[in-house]
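With the hints as constraints, model all of the structure from the sequences given.
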Amino acid sequence: MKKVININFQGQVIAIEETAFEILSQYIDNLKAYFSREECGDEIVNDIENRIAELFGNRLKLGFNCITDEDVESILASIGKPEDFDTDYDESSDSTSGEKQSSFQSKKESESSKEDQTRLYRNSNDKIIAGVCSGLGYHFKIDPVWFRLAFILLFSVLFWVYIILWIVLKPKPLESNASKRLYRNPTDRIIGGVCGGIATYFKIDSWIPRLIFAAPLLLNIIGMSSFSFFPWNKFFDNVHFNFEFNFSVFLVYIVLWIIIPKATTVKQKLEMMGEEEYIKSIRTAVSDNVANAKSKSDIEVSQYQSSTLLSEDLNFDDKKTALPPPPPKDSATLKKTVSEPSERSGCLNAFIVLFKIIFFGFVGIFALLVIAALCALLFAGAAMMPLKALFIDAGMETNLLIFSAILIFVIPLIALVLWIIPNLLKNAKSRTIVGIVAALFWFLGVSLAGMLATRVANKFKVDSVNEKNIDIAPFAGNTLHVEMARYGNDYNMFDTAFGITSDINGLPFYNLNEDSLLFANINLQVTQSEDSLFQVRMISSISSTDLRKAKSDLKDFSFPVLQKDSILYLPEFFVTPVEQGFRNQNMVVEIAVPAGKTAVLSDDLDNYRENVIPKIVRRRYKRYSEIYDRPPVDTTNVPNSERKVSQGELETDNI
Amino acid sequence: MNIENTQSQMRKGVLEYCILSIIKRGEAYPGDIIDEMKNAGLQLLEGTLYPLLNRLKNSEILTYRWVESNSGPPRKYFSLTEKGLEFYKLLETTWNELAAGVNAVTNKPEQNKQQS
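Top line first, the protein sequences correspond to chains A and B. For what it's worth, the numbering used here labels the leading residue of the first sequence as 1, then goes sequentially. For what it's worth, the numbering used here labels the leading residue of the second sequence as 1001, then goes sequentially.
To be clear, the hints were calculated from the coordinates, so they are not data collected in a lab. Treat the hints with care, since some could be wrong.
Using 25 Å as the maximum straight-line C-alpha spacing, the simulated DSS-like pairs for lysine-lysine come out as follows [claimed, not checked]:
1) A:61 with B:1038
2) A:262 with A:127
3) A:61 with B:1076
4) A:551 with A:615
5) B:1038 with A:81
6) B:1089 with B:1012
7) A:267 with A:2
8) A:203 with A:141
9) B:1057 with A:32
10) B:1083 with B:1024
11) A:172 with A:127
12) A:203 with A:267
13) A:280 with A:3
14) A:180 with A:127
15) A:141 with A:262
16) B:1076 with A:32
17) A:81 with A:170
18) A:461 with A:549
19) A:180 with A:2
20) B:1012 with A:32
21) A:81 with B:1083
22) A:141 with A:127
23) A:170 with A:141
24) A:81 with B:1012
25) A:262 with A:32
26) B:1089 with A:81
27) B:1024 with B:1089
Pair by pair, the computed Cβ-Cβ distance ranges are [stated by the list, open to error]:
28) B:1097 with A:39: 25 to 35 Å
29) B:1017 with A:40: 14 to 24 Å
30) A:173 with B:1025: 42 to 52 Å
31) B:1074 with A:23: 19 to 29 Å
32) B:1079 with A:177: 44 to 54 Å
33) B:1003 with A:39: 25 to 35 Å
34) A:173 with B:1096: 50 to 60 Å
35) B:1003 with A:42: 46 to 56 Å
36) A:414 with B:1017: 55 to 65 Å
Covered by chain B, per the in silico footprint, the following chain A stretches (three or more residues, Cβ under 8 Å) [claimed, not checked]:
37) 517–525
38) 578–587
For each residue, glycine too, the CB sits at the ideal point set by N, CA and C.
If you want it as structure tokens, here you go:
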């Protein structure tokens, strides 16, 4: 059984089998491409179309109902395929024969492709990245959209699978062979036709998916209004429904927009709607068309319509407009209704315009956010440059850093430019080799970065802890005042790029001097003393590549504690040589208070940044506290004006 | 050496002459030309004919006028211009010389080979 459609071809209404129409329009496209080189190529194509129309007319006059595949094939054979034309006088004979041979070969290849369906190829006809999903779909005769979805949802797992398939499989132009496919519906669309396509696929009304996609946005608008008409307002606010959910729905739409192809040709529409539905739509369209064709005005219209309309599927559009049947008063109005989508009521139209504005607003904001994030990354990278020396040695590691940074950031940029320029020039050739080389270099960059990361991580491999006790000389009175001794020398704030200096407080807990690193990450603890003397214990820790280096680095820590009678001065920073770099240096200062006596801590000591004991010291502490099971300190008589510090957090803090 | 190639070269050379001589007899539209050529046993594809006519028209050897047809779309009827007539005459003399020469060369008995 075959479907017959009516086409307007060179001013004639011709009933033609749909498959025959496909062949014909394909052929005319080929002709156009072939004669585009020629002067007045359009005219030649037009003449040939004219001739075909005449031959069709003769055929129909003989009493046949419609033009069949065989008719078209025989007529096209008599006109000849573009590769059989002897038009190229100017070109040398060798090149024409070469062309013939190559076209002959390509014919052979396309025949052989039908034979070995068992092999897996990348589909170069229908691709988004490399045609892997499309090729898989062809192989298993399934809609490629499901493969695309799977690859996106399981991105982390299947990423490498995709890359490997990309490299291993050969590209080949394949015709889609799934019986039913999900397409974006160009005749039933508001933004991208995604909802329309989904509705067609599942045979539901298109407002259902539309409502699902628009629901978060609508609820948002409701939520924005200050009236709490709706009891669920508060509920949604509480679960932070608004932004995240909105955004994810938006993202889903965009992803679907990208991975679902648009149905443009008749074949795709057939696949989109399924055969029965399509026949129904065609039937109504054909009957409308025939009725129209009989009216005289349609003949006028036909003269206005250029022959290019042939390639468009007029009837399909007609079907949508057929609901309010347009009275064909004059040609202009009829043409308008053909080319434009169905009219909507004013209110709905306004809503759609609003929706579009919101949608494109979202897209714009999203793009701006991406750009802003990139800029921020750039600035942050520049800001971290002075810190580089603290983590990364000069020489080999610096080189690694530079190479990997260049490869990781510059390669995609180059690839993007290489990809954009030909696309802009409409000269899109598949440059798989460029892609593969770029990908290889990028992965090289990633692996260099990995090497660098392991080297840096190695520097934190071994931890070491050092303890130092200072006895406090006896003094009169029961109270020890602990003050901070300010660091006297100058120190630099981090000089970030572009003349911006950032506040010390905003940055990590260390500062730079010419030859020293100043750390403020000191943790102050107060415990109970075992005897009747105040004691100060300093526990410093560092990470390094090996234990020996860690031990020697620990000896270079400088934290001079000064006692003047009942006042104890603790330095503002502990200082290490700048050559050490940042190796997770930490210090815990423990003041042991004897029973019946009090330690008063100055507010200045709040500047010490570390609130919790570093993990490595804590491990040591735990053992310590188990050995000496000390009772909590007595903190009875403390002046009101000053902060009193009780002890005992220590044991509870231990884990 | 490719035989197909040589054949098509030969055919190309005389194609213009044949077409022009058909048109010289009276106005003709491409369908007539195709039919006549086919009847004479000369294979000609529409795809070859139309570009050729187009070129001849562009170099002002041919001119055409639209004629309404009672079956199908209007047709282009081609006729020779003044310039085209001269062109045709030149082609005619060339062809006659060529045909005579070729016949003379190819039809000679094989004896001359032995003499030389």
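So, going through the hints one by one against the coordinates:
1. A:61 with B:1038: holds (23 Å)
2. A:262 with A:127: Roughly 12 Å between the alpha carbons, so the hint for residue 262 of chain A and residue 127 of chain A holds.
3. A:61 with B:1076: holds (21 Å)
4. A:551 with A:615: holds (18 Å)
5. B:1038 with A:81: The given pair, whose Cα atoms are some 18 Å apart, holds under the 25 Å limit.
6. B:1089 with B:1012: holds (18 Å)
7. A:267 with A:2: holds (13 Å)
8. A:203 with A:141: holds (21 Å)
9. B:1057 with A:32: holds (20 Å)
10. B:1083 with B:1024: Holds: residue 1083 of chain B and residue 1024 of chain B sit about 12 Å apart, inside 25 Å.
11. A:172 with A:127: Roughly 11 Å between the alpha carbons, so the hint for residue 172 of chain A and residue 127 of chain A holds.
12. A:203 with A:267: The hint holds at about 18 Å.
13. A:280 with A:3: holds (11 Å)
14. A:180 with A:127: Within the cut-off at roughly 18 Å; holds.
15. A:141 with A:262: Roughly 19 Å between the alpha carbons, so the hint for residue 141 of chain A and residue 262 of chain A holds.
16. B:1076 with A:32: Within the cut-off at roughly 20 Å; holds.
17. A:81 with A:170: violated (29 Å)
18. A:461 with A:549: Between residue 461 of chain A and residue 549 of chain A the Cα gap is close to 12 Å, so the pair holds against 25 Å.
19. A:180 with A:2: holds (18 Å)
20. B:1012 with A:32: Roughly 23 Å between the alpha carbons, so the hint for residue 1012 of chain B and residue 32 of chain A holds.
21. A:81 with B:1083: Violated. Residue 81 of chain A to residue 1083 of chain B sits at ~33 Å, over the 25 Å cutoff.
22. A:141 with A:127: Given pair residue 141 of chain A, residue 127 of chain A holds - Cα atoms ~16 Å apart, limit 25 Å.
23. A:170 with A:141: holds (18 Å)
24. A:81 with B:1012: holds (17 Å)
25. A:262 with A:32: The hint holds at about 24 Å.
26. B:1089 with A:81: Violated, because 33 Å separates the two Cα atoms, which is more than 25 Å.
27. B:1024 with B:1089: With Cα atoms ~10 Å apart, residue 1024 of chain B and residue 1089 of chain B stay inside 25 Å; holds.
28. B:1097 with A:39: 25 to 35 Å: holds (31 Å)
29. B:1017 with A:40: 14 to 24 Å: holds (23 Å)
30. A:173 with B:1025: 42 to 52 Å: holds (48 Å)
31. B:1074 with A:23: 19 to 29 Å: holds (26 Å)
32. B:1079 with A:177: 44 to 54 Å: Holds: the Cβ-Cβ distance is about 53 Å, inside 44 to 54 Å.
33. B:1003 with A:39: 25 to 35 Å: About 31 Å separates the Cβ atoms of residue 1003 of chain B and residue 39 of chain A, which means 25 to 35 Å holds.
34. A:173 with B:1096: 50 to 60 Å: holds (52 Å)
35. B:1003 with A:42: 46 to 56 Å: violated (35 Å)
36. A:414 with B:1017: 55 to 65 Å: holds (58 Å)
37. 517–525: n = 0 at 8 Å, threshold three: violated.
38. 578–587: Three-residue rule not met by the segment 578–587 of chain A, so violated; n is 0.
Checked against the numbered hints above, the structure breaks hints 17, 21, 26, 35, 37, 38 and satisfies the rest.
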